[in-house]
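*Asks:* Add chain B to chain A, keeping to what the hints say.
Just so you know, the protein sequences line up as chains A and B, in that order.
Following my numbering, the numbering of the first sequence begins with 361 at its first residue and continues without gaps.
Following my numbering, the numbering of the second sequence begins with 4 at its first residue and continues without gaps.
Careful, some of the hints might be misleading.
[Claimed, not checked] Pairwise CB distance ranges (calculated):
#	chain 1	residue 1	chain 2	residue 2	range
1	A	T473	B	N25	44 to 54 Å
2	A	R427	B	N99	17 to 27 Å
3	A	L455	B	A73	24 to 34 Å
[Unchecked claim] Examples of chain B residues toward chain A, derived with CB under 8 Å:
#	residue
4	G46
5	L49
6	A52
7	P55
8	F92
9	G102
10	G107
11	G109
These are calculated hints, taken from the structure and not from any lab test.
Glycine is no exception: its CB is placed at the ideal position from the N, C-alpha and C atoms.
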Amino acid sequence: DAGVTQSPTHLIKTRGQQVTLRCSPISGHKSVSWYQQVLGQGPQFIFQYYEKEERGRGNFPDRFSARQFPNYSSELNVNALLLGDSALYLCASSLDRRLLYNEQFFGPGTRLTVL
Amino acid sequence: QQQVKQSPQSLIVQKGGIPIINCAYENTAFDYFPWYQQFPGKGPALLIAIRPDVSEKKEGRFTISFNKSAKQFSLHIMDSQPGDSATYFCAASGYNQGGKLIFGQGTELSVKP
Chain A
361 DAGVTQSPTH
371 LIKTRGQQVT
381 LRCSPISGHK
391 SVSWYQQVLG
401 QGPQFIFQYY
411 EKEERGRGNF
421 PDRFSARQFP
431 NYSSELNVNA
441 LLLGDSALYL
451 CASSLDRRLL
461 YNEQFFGPGT
471 RLTVL
Chain B
4 QQQVKQSPQS
14 LIVQKGGIPI
24 INCAYENTAF
34 DYFPWYQQFP
44 GKGPALLIAI
54 RPDVSEKKEG
64 RFTISFNKSA
74 KQFSLHIMDS
84 QPGDSATYFC
94 AASGYNQGGK
104 LIFGQGTELS
114 VKP
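Isolated chain B, as found in the complex:
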């Protein structure tokens, strides 16, 4: 029940394409869902986060879609650029989780010029 399942494991798109990364969770107590971007040799950087009271959130070229009934959420990257090439992690947490973020396995994104 503590798992967050992320897919795909890797993704290759052309510049300008819209990569979509999906995550699913089981624990209905989760109520905070952030996405992190990680470049090689660096720590994860918070990109965008959503709470279950909304179905979509946009920040710049990044959009989270959230389906509470299906217990799924996804990240869309509009007009992707080579500089977006990185590993993306979804995560989940809840107020009663003691500060613990549960991370997915990660998606390695490559945006070709």
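Pulled out of the complex, with its shape left as it was, chain A reads as follows:
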């Protein structure tokens, strides 16, 4: 079985541009979470989506948005890019957020560089 897949692998943008990152969860998983990992730090939670609805949001500005599609894949959009948005963006899938304890499995990430 394929794990979590993310595209693109790497991306270079300039300040002020917009970017869309994509994620496909593990087959059968209904929940997708997005994290930002700045070099040398632990991942920071951005969003969780379940059944196409936002179920959790971290402390990120409104420039960050996401959505989940009927096939449970997800997109993360970041508008008006800043230099500080340069990071590894990770997608994690989990089986069902209604479970009491929900293991999250991460994809390889998208490395975003903002110049």
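*Replies:* Below, chain B without anything else, positioned relative to chain A:
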């Protein structure tokens, strides 16, 4: 209250040694504590996780010790190997956290041959 504090920041051990990584939390609502292993250029991989109803959990060479009263938990790697060289992250979450994992800052482990 949402922080998870991890130490040490880096750790060097000889092959066969037992590195120990420690984490502390404040939010008593946390009730799920996973550990992740991350190699350069890769996403974090779930290693082992523990819930507060047990004080220790072993999976292969990896052991989590959990002290609920002290709000601390630690990862022990038995018979460490050079292939274990990676960055290790502890994390915490709870059923009412909206799916959010709170990660520690990470520990860069180097196992020397």
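*Asks:* Now, for every hint given, state plainly whether the structure supports it.
*Replies:* Hint-by-hint comparison with the structure:
no. : hint                       : in the structure
1   : A/T473 / B/N25: 44 to 54 Å : violated (33 Å)
2   : A/R427 / B/N99: 17 to 27 Å : holds (24 Å)
3   : A/L455 / B/A73: 24 to 34 Å : holds (31 Å)
4   : G46                        : holds (4 Å)
5   : L49                        : holds (6 Å)
6   : A52                        : holds (7 Å)
7   : P55                        : violated (11 Å)
8   : F92                        : holds (5 Å)
9   : G102                       : holds (4 Å)
10  : G107                       : holds (6 Å)
11  : G109                       : holds (5 Å)
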